[in-house]
Amino acid sequence: MKKLLYTLLAVSIIVSACKEDTPLPAPNSNNSALAIGDTHQGGIIFYLDGNGGGLIAAPDDLDGTYEWGCFLTQVEDGGNLTQIGSGYQNTLDIINQQCSTEFGGVPAAQAAKDAQINGFNDWYLPSRDELYQMYLKIGQGGLDSNNNIGDFGNTEYWSSSESNFSNTWIVSFSVGLTESISKNSFSTKVRAIRSF
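Heads up: the sequence shown runs through residues 11 to 206, numbered per my numbering.
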């Protein structure tokens with residue numbers, strides 16, 4: 011009986027020693043090799059935060075043009091942040107204001123929030139600085155192989171950043187200019203973004 015146990019033990023040691031070890035993937039290894047311009051989670055990466063996350067632009071503009079909304083109304087609780095990472099909160103602030111447009115269409119922030127693109131439904135209107143990063147990284151300001159891989163038009167795009175009572179920030183993708191313009195009586199393009 012002892013011989014049988016020793017034999018089984020020896021065989022099991024030999025078999026386990028011959029088994030090839032498969033290393034486990036590193037945490038967040040899916041995101042470690044991502045780069046600006048990569049297609050990922052429904053769109054094109056235009057910003058990486060250094061911690062495995064970042065921002066993705068929708069692959070196309072939303073159909074048509076949109077008014078910014080909040081005609082003759084300032085967004086009372088926010089909507090004026092400009093930095094990277096603030097577009098989502100601005101979008102919620104604008105929607106919570108229940109703004110209308112001058113001509114009765116869907117406001118730009120609501121159109122971005124309602125977007126269903128490539129299986130994702132968590133899109134929003136970018137802040138001014140997020141939108142400018144899009145221009146610099148995957149728009150007409152992109153370098154080398156990333157130059158306008160986002161297929162942006164030579165036109166203005168709305169940001170979610172209100173600059174004052176009657177104006178909001180846009181980015182002109184034809185020249186890379188950020189400008190505070192009237193949010194009333196004006197329609198332009200929307201490119202939704204999402205975070206990962």
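Among the clues, some could well be false.
[Claimed, not checked] Listed next, with one range per pair, are the computed distances between beta-carbon atoms:
no., residue 1, residue 2, range
1, His50, Val185, 37 to 47 Å
2, Glu86, Asn157, 13 to 23 Å
3, Ala43, Pro69, 17 to 27 Å
4, Ser192, Asp87, 15 to 25 Å
5, Asn106, Ala45, 15 to 25 Å
Worth flagging that the hints you see were computed from the coordinates, not collected in a lab.
Just so you know, even glycine gets a beta-carbon here, dropped at the ideal spot from N, CA and C.
Now the hints, each set against the structure:
no.	hint	in the structure
1	His50 with Val185: 37 to 47 Å	violated, 28 Å
2	Glu86 with Asn157: 13 to 23 Å	violated, 40 Å
3	Ala43 with Pro69: 17 to 27 Å	holds, 20 Å
4	Ser192 with Asp87: 15 to 25 Å	holds, 22 Å
5	Asn106 with Ala45: 15 to 25 Å	violated, 35 Å
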